[in-house]
Amino acid sequence: MYQYDEYDQRIVDERVAQFRDQTRRYLAGELSEDEFRPLRLQNGLYIQRHAPMLRIAVPYGNLRAKQVRMLAHIARTYDRGYGHFTTRQNLQFNWPKLEDVPEILAQLATVQMHAIQTSGNCIRNVTSDPFAGVAGDEQIDPRPWCEIVRQWSTFHPEFAYLPRKFKIAVNGATDDRAVIQVHDIGLDLKRDASGNIGFRVLVGGGLGRTPILGEEIAAFVPWQDILSYCEAVLRVYNLHGRRDNAYKARIKILVKALGIDAFRAQVEAEFAHLKGGPATLTEAEVARVARHFVDPVRETLPAENAAYAAQLAGNKAFAAWARRNVRAHKFAGYASVVLSLKQTGIAPGDITADQLDHVADLAERYSFGEVRVTHEQNLVLADVRQSELFAVWESARDAGLATPNIGLLTDIIACPGGDFCALANAKSIPIANAIQARFDDLDYLHDIGEIEINISGCMNACGHHHVGHIGVLGVDKNGEEWYQVTVGGDQGNDTALGKVIGPSFAAAEMPDVVSSLIRTYTEHRHPDERFIDTVRRVGVEPFKTRVYAEREQRKQAHV
Amino acid sequence: MSDIIKHGTLHTDDWTVVRVVEGEDLAALELPAGRVIVPLALWLARRDSLLAGAEAGVVGVWLAGTEDPATLAGDLLRLQLIAVDFPKFADGRGYSIATLLRARFGYAGELRAIGDVLRDQFFFYTRCGFDSLQPKEGKYSRAQLEAALASLKDFSEPYQGAVDRAEPLFRRQTRKEAA
Ligand code: SF4
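For the protein sequence lines, the chains are A and B, in the order given.
Everything in the first sequence is counted per the UniProt record's numbering, starting at 1 for the first residue and increasing by one.
Everything in the second sequence is counted per the UniProt record's numbering, starting at 1 for the first residue and increasing by one.
Chain B with its partners taken away, still in its complex shape (with noise of 0.2 Å):
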């Protein structure tokens, strides 16, 4: 269990989060009993026997940042659960992926961050459409991540459109001319 934000709020999750090492004989692996969010890889390896799971919501996917979010597209009305892995921080493929997964190929199911998902990053992961944001187990305790919870809104109205507001602020206010 760990402690995720979600749509804004805090939450208790039960999804776990597979990670395989190089050279791991991937249809060998034993599943983790729950839910799970496997990797990419293993996804297109065991995709039959894991589709079913996927559209009963206890299979997810995850995708390292050179992953191409299109080999997905086929599946994203099946599967309730997308994450993108951010290997550090300061690795921002991850909000590219993202916004390609919501604005290019429509996915509307979970979009998670994962990996080394930090606050003062919360802003940019849910402008880029992350709905759900899982820091590492153990990086923030639970007040922490309620305090956490402020990075969300450090911005109220920002310039450019994303995913969360399609429209930049040029279309979505009246901007004054100046006087």
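Chain A with its partners taken away, still in its complex shape (with noise of 0.2 Å):
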């Protein structure tokens, strides 16, 4: 993992007394609202619903085990006791004093972090997968190159006020796991035919009011170009993305209004003149990053550890839990660990200061001491020996971060929705927490297998409702609460976005609108076939013809 040498952490200590400064002119009045406001949000300080929220970034995911036990101190002294983990990879802590972040600004910098660029209009926290180094479809390790976009976007001066926010993902898998699609740049790390790396670059996705898909600009991009290149698509935004109206700033809405063609062209020529330029990365620079990312030494095993596989026909719950939360590694004998959290009744991405605690200890007993956020809002301890994963499940499981869940219906991904947001339509938690309950049979799980339903309490769409396979949306109806669904929509190498399946629903309706798309699915499937692949292949009328007739019988039931 990255390590900050005197420049890096010189820069977070700066920023540090920064703010510092900067909330003591706000508190002593010497700073409006209105002028505070942005320069909060660029360290992550929202003002919310009930306190001030605090959004800390972990750069693509990555933690080590001593930064999780500082978020585990900061939790348990300056919040209450727990953290959110955000569909981008980020930790939230929803309880602290405006007063108190310099001083939780200062503790997070002793061990390397920050909260810089979180929130606000400029380029956000870059975001990658979570299996990166260890994932067997891995191409090109993304880390090495998250981690340049991060310094390069860190207080850039041109960039710091942008229309609107503005989000990078990178991934180097044959899965994309980093849902780059549905970002303002995708970064698709890829090999020319002579192998040499470069980057297919996708522009103007988002979710949001307007969800688009991003579009090719570039299908090959040389490593050595890439940081001039987001200049150039940077600064054509910069200059003409839309400011009147925040709800048409994004990127998506300019490349949409010119077309990608046009869009492209205007690229292209603030490109050829950036190209060549003191931005051009090079060898020495790749060099130095990439060498905090090579591979832990690891020891030679053999593919199949015995006691392994004897622990696994011995042990039912052990075996179920593996099966969903382990995942295959590029390296013989050693396996990745999902530790989910996702138990029911708990808010989906929540953790206690316990819990951090105690993953930080596994991190750093079984899993070379680091650990990743994923943005399902798991964790993952990506380098665990087959050897050890019974111990790793008894400990997990002791800690509630066992659940045997991970990619299955009740595996729900939601923002903090009404509970918390200040922004938002409805709640989010207690509809994922209702479906939860209502599908906490082990057995039926694992029979319905794979599907994501995705929550979220309005329309800037940070539970992901577009793309998961059941969305859910939070609207407003003359002041109550009400759900919108879709389906059909996912993320990865097809990212596709739901359809609405009809008028919206009251929150109590919404673990039977599951239970009837279920039902729907069960019906209708194929041997094997997962949720989206049924609803691919029939298409979603069945589904919104069931939803509606059960939702009439029940009315008639209760008349």
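Because the hints were derived from the structure by calculation, they are not lab data.
Do not take every clue at face value.
From chain A, some residues computed to sit far from chain B (all C-beta separations above 12 Å) [as the list claims (entries may be wrong)]:
#: 1; residue: P163
#: 2; residue: K190
#: 3; residue: L227
#: 4; residue: E231
#: 5; residue: Y366
#: 6; residue: D398
#: 7; residue: E480
#: 8; residue: R536
#: 9; residue: P542
Below 30 Å or equal to it, Euclidean Cα-Cα: the simulated DSS-like pairs (lysine-lysine) are [as the list claims (entries may be wrong)]:
#: 10; chain 1: B; residue 1: K153; chain 2: A; residue 2: K167
#: 11; chain 1: A; residue 1: K275; chain 2: B; residue 2: K176
#: 12; chain 1: A; residue 1: K165; chain 2: A; residue 2: K248
#: 13; chain 1: A; residue 1: K499; chain 2: A; residue 2: K256
#: 14; chain 1: A; residue 1: K256; chain 2: A; residue 2: K190
#: 15; chain 1: A; residue 1: K275; chain 2: A; residue 2: K256
#: 16; chain 1: A; residue 1: K275; chain 2: A; residue 2: K165
#: 17; chain 1: A; residue 1: K256; chain 2: B; residue 2: K88
#: 18; chain 1: A; residue 1: K167; chain 2: B; residue 2: K88
#: 19; chain 1: A; residue 1: K167; chain 2: A; residue 2: K248
#: 20; chain 1: B; residue 1: K176; chain 2: A; residue 2: K190
#: 21; chain 1: A; residue 1: K97; chain 2: A; residue 2: K190
#: 22; chain 1: B; residue 1: K153; chain 2: B; residue 2: K6
#: 23; chain 1: A; residue 1: K316; chain 2: A; residue 2: K167
#: 24; chain 1: B; residue 1: K176; chain 2: A; residue 2: K66
#: 25; chain 1: A; residue 1: K477; chain 2: A; residue 2: K165
#: 26; chain 1: A; residue 1: K555; chain 2: A; residue 2: K477
#: 27; chain 1: B; residue 1: K88; chain 2: A; residue 2: K248
#: 28; chain 1: A; residue 1: K499; chain 2: A; residue 2: K477
#: 29; chain 1: A; residue 1: K97; chain 2: A; residue 2: K165
#: 30; chain 1: A; residue 1: K555; chain 2: A; residue 2: K544
#: 31; chain 1: A; residue 1: K499; chain 2: A; residue 2: K165
#: 32; chain 1: A; residue 1: K165; chain 2: B; residue 2: K153
#: 33; chain 1: B; residue 1: K153; chain 2: B; residue 2: K176
#: 34; chain 1: A; residue 1: K167; chain 2: A; residue 2: K256
#: 35; chain 1: A; residue 1: K167; chain 2: A; residue 2: K544
#: 36; chain 1: B; residue 1: K153; chain 2: A; residue 2: K97
#: 37; chain 1: A; residue 1: K97; chain 2: B; residue 2: K6
#: 38; chain 1: B; residue 1: K139; chain 2: B; residue 2: K153
#: 39; chain 1: A; residue 1: K167; chain 2: A; residue 2: K275
#: 40; chain 1: A; residue 1: K165; chain 2: B; residue 2: K139
No residue lacks a Cβ here, since even glycine has one placed at the ideal position from N, Cα and C.
Assembling the complex is the task here: the two chains are given apart, and the hints tell you how they should meet.
Here it is, written out as structure tokens:
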């Protein structure tokens, strides 16, 4: 994992000093509310429903055990003993005091962490594959490139006040786990015919009010030029993106308005001036960063561990967990473990301080001291020996981190929604919990198989509802909380936006709606066909028909 | 007279920013006495009569965020002052305009940020090539502006190249390899 040198550390320390002074001036009345807002947002600080919310950057989802312990410490000292992992691989605290934030940032800086650009109209935390470096289908490790983009985008003076937020994601695997098609810039690592590394560049993707999938703007940008190319894209956007209407200010709207070809022409014209300039990456710099991400020294192990096989055969609960929460590893004898933050009754992505400490212990003991955050709001121990999976399971289970549901119906993605977020139309967490409670039979869950339910409390789509196999969106109907349901969304290589099935539902109906959708699926599915594949094959119609027919029956039954 | 920051220190300055309202007759508009910074449209409309003033350092031009700095490309050797207007401090187009004027078109004269110019953006302005900063009249007392000079030095070694330091950190300094 990347380790700061003196320059990285100084930048973060100087940021703490800067924000301390800004907060002081704000509290002294020298900075107006309007003037302070973008400054605090660019430090991840929101003013929420009940209290401020502080979003801490977890660059491309990578954490060290020491950092996880610091998060636990902050949760205990400055918050109510827990935090929330987000769909952008960051961590949010819901109850810090504004006056404490400079001190929190100072403590984070001691473990090479910060909250820089986790909100605001600037380049946000770059996101990537949580299985980077260990996935069997990886072509090129995205992490060094993420770090290079992180450094370039940190306090970029020209792009600190963009029309709107700007998100960059990097993928280096055959299966895109970074959802690059829904990012403002999606970078897809490639090799050309001669084996040189470069990027296929997508632009103009995004969810929110107007969900759009990114389009290819360049088939191959050599690695040396990637920062210059991004600079060209950002400059065209900064100068020409709309600033009159926040809902039309994302780059996707500019790309759509101009058309990808005209937009590309403008970017190419800009790039022609920048190409070969000082932003051109050097081999020395890439090598310097890449050295932080070399494989740890692993043991040479047999591909299959006999004890592990025996444990699987002898313990049904362990086998169920291993089936869902353990992933194959590129290295023989190792595996990746997903620690589920989706226990029924807990807000998806929430984690207590004690659990954070526990995760840090697990990481140190079993996984080279590193932890990854997934955009599905779970945690990953990327590098565990097969022979130790049983011990990891037992320990994780004791800490409530071993719900065997990864990829299953109860592994719900949900934004904080109306319980916390000031922008929400409706609550998300109780909906997630009600659906989880309905489907708490493990055998049934496994029978239903892989399915993704994503819930957002409003159009901003922090819960990525558009790309959920089942998407749930909180809407406001005359001051009441209602939920619009989509079906057929997907992430990854086959990223697709779900289709709205019809009129929205009351909160209490949501478990029934999901039941109806699942019944439709189990009735139509071919053997071994996933929910999303059935939807693709038979279309949305049968799902829609059944949901509203059964809703009608429920109504009749009530009168 | 207004207090401005120029080349990192406080100055008292006598340039007047001329703002015109929509539909005003640019040809007939009477310019105030003394040194003036006129809007681009006025400059273009009366360029012939203003050129001598520009060369003498008593007429400057300001650009709005919507205006293309390339329009001035032919006049950059004559103009001694160009300003870029920030209608709201959170409107960041001016950073790109400044960058283009300096890095693309090679403008070497005074480049001034005007409008909603606030101390918490000073660092970004100077990085993008502004060498003078003129906050709105009355926004800061002289003492506040004096204190605000500290914001010019918020970060000592930024990562990326920009107008003030063209080379990114990885070219500027030898960064040690990971241990
Ligand atoms: S989707 Fe809406 S309600 Fe949910 S966190 Fe984002 S802004 Fe808040």
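Hints and how they fare:
1. P163: 8 Å, violated
2. K190: With a cut-off of 12 Å, A/K190 remains clear of chain B, as the shortest Cβ separation is near 23 Å.
3. L227: A/L227 not clear of chain B: closest Cβ-Cβ about 8 Å, inside 12 Å.
4. E231: 9 Å, violated
5. Y366: The assertion about A/Y366 holds, with a minimum of 23 Å to chain B.
6. D398: A/D398 is indeed farther than 12 Å from all Cβ atoms of chain B, at 36 Å.
7. E480: 34 Å, holds
8. R536: 42 Å, holds
9. P542: 49 Å, holds
10. B/K153 with A/K167: Between B/K153 and A/K167 the Cα gap is close to 28 Å, so the pair holds against 30 Å.
11. A/K275 with B/K176: Status holds; Cα separation ~26 Å.
12. A/K165 with A/K248: Cα-Cα ~12 Å, so holds.
13. A/K499 with A/K256: The hint holds at about 21 Å.
14. A/K256 with A/K190: Distance of about 26 Å is within 30 Å: holds.
15. A/K275 with A/K256: Distance of about 26 Å is within 30 Å: holds.
16. A/K275 with A/K165: OK: A/K275 and A/K165 at ~25 Å, within 30 Å.
17. A/K256 with B/K88: Distance ~26 Å between A/K256 and B/K88 Cα, so the pair holds.
18. A/K167 with B/K88: With a Cα-Cα distance of about 23 Å, the restraint between A/K167 and B/K88 holds, given a limit of 30 Å.
19. A/K167 with A/K248: Cα-Cα ~16 Å, so holds.
20. B/K176 with A/K190: Holds, at roughly 28 Å.
21. A/K97 with A/K190: 45 Å, violated
22. B/K153 with B/K6: 14 Å, holds
23. A/K316 with A/K167: 42 Å, violated
24. B/K176 with A/K66: 23 Å, holds
25. A/K477 with A/K165: Distance of about 28 Å is within 30 Å: holds.
26. A/K555 with A/K477: Cα-Cα ~20 Å, so holds.
27. B/K88 with A/K248: 18 Å, holds
28. A/K499 with A/K477: The hint holds at about 20 Å.
29. A/K97 with A/K165: Given that 30 Å is the threshold and the Cα spacing comes to 25 Å, the pair holds.
30. A/K555 with A/K544: 17 Å, holds
31. A/K499 with A/K165: 26 Å, holds
32. A/K165 with B/K153: With a Cα-Cα distance of about 26 Å, the restraint between A/K165 and B/K153 holds, given a limit of 30 Å.
33. B/K153 with B/K176: 24 Å, holds
34. A/K167 with A/K256: 17 Å, holds
35. A/K167 with A/K544: Status violated; Cα separation ~34 Å.
36. B/K153 with A/K97: 28 Å, holds
37. A/K97 with B/K6: It is violated: about 38 Å lies between the C-alpha atoms, which goes past 30 Å.
38. B/K139 with B/K153: 21 Å, holds
39. A/K167 with A/K275: 23 Å, holds
40. A/K165 with B/K139: With a Cα-Cα distance of about 28 Å, the restraint between A/K165 and B/K139 holds, given a limit of 30 Å.
Checked against the numbered hints above, the structure violates hints 1, 3, 4, 21, 23, 35, 37; every other hint is satisfied.
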